[in-house]
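Undergrad: Sequence:
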Amino acid sequence: MPWSRSWFPRCAPRRRADSVQSVACRPAGGALESAVSDDRVEAHRDQLEAYEALCRELGAKPAAVALAWLLRNPVVSSTIVGAMTIEELRADLGALSVDLDDAVMRRLDQIWPGPGEAPQAHAW
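Numbering (this note's numbering), first residue to last: 1 to 124.
Do not take every clue at face value.
Between beta-carbon pairs, the in silico distance windows are [stated by the list, open to error]: (1) GLY59 <-> GLU88: 16 to 24 Å; (2) GLY116 <-> ASP46: 17 to 25 Å; (3) SER78 <-> ASP99: 18 to 26 Å; (4) PRO74 <-> SER97: 15 to 23 Å; (5) ASP39 <-> PRO74: 32 to 40 Å; (6) ARG40 <-> GLY82: 16 to 24 Å; (7) GLY94 <-> ALA53: 13 to 21 Å; (8) GLU52 <-> ALA103: 15 to 23 Å; (9) SER97 <-> ALA43: 14 to 22 Å; (10) PRO115 <-> GLU87: 20 to 28 Å; (11) PRO74 <-> GLU49: 25 to 33 Å; (12) ASP102 <-> ASP39: 33 to 41 Å.
Since the hints were made in silico from the structure, they are not lab data. Backbone N, C-alpha and C define an ideal beta-carbon position, used for all residues, glycine too.
Could you put the whole structure together from the sequences, leaning on the hints where they help?
TA: Right under this line is the structure:
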């Protein structure tokens, strides 16, 4: 989720106000996911462990929870997942059965708070 959370706070409030939708995708079919350095993983170790624990509580894979979060976000009109195999497609479709109620969404916001809403969080 850190990859998806970084741009939402900057543009989501304006997009909601203007009823502008976004499309989220997984660039390069997820090939860039393997490029995450060990330093970045270690820097976010506590968040990753909390996120994985939440996913276990939900009985869902982390990728399915991330996709479910995107699908529940009001400024996202669709997601492009880039599944390259039937197994990846089935895993991505698992997001449709993940129930993210308001309490779970608040927990996700606590785990991945982001920098804050724009423009306040990005003011000079």
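Undergrad: Please write out, lowest number first, the hints stated earlier that are contradicted by the structure.
TA: 9 and 10
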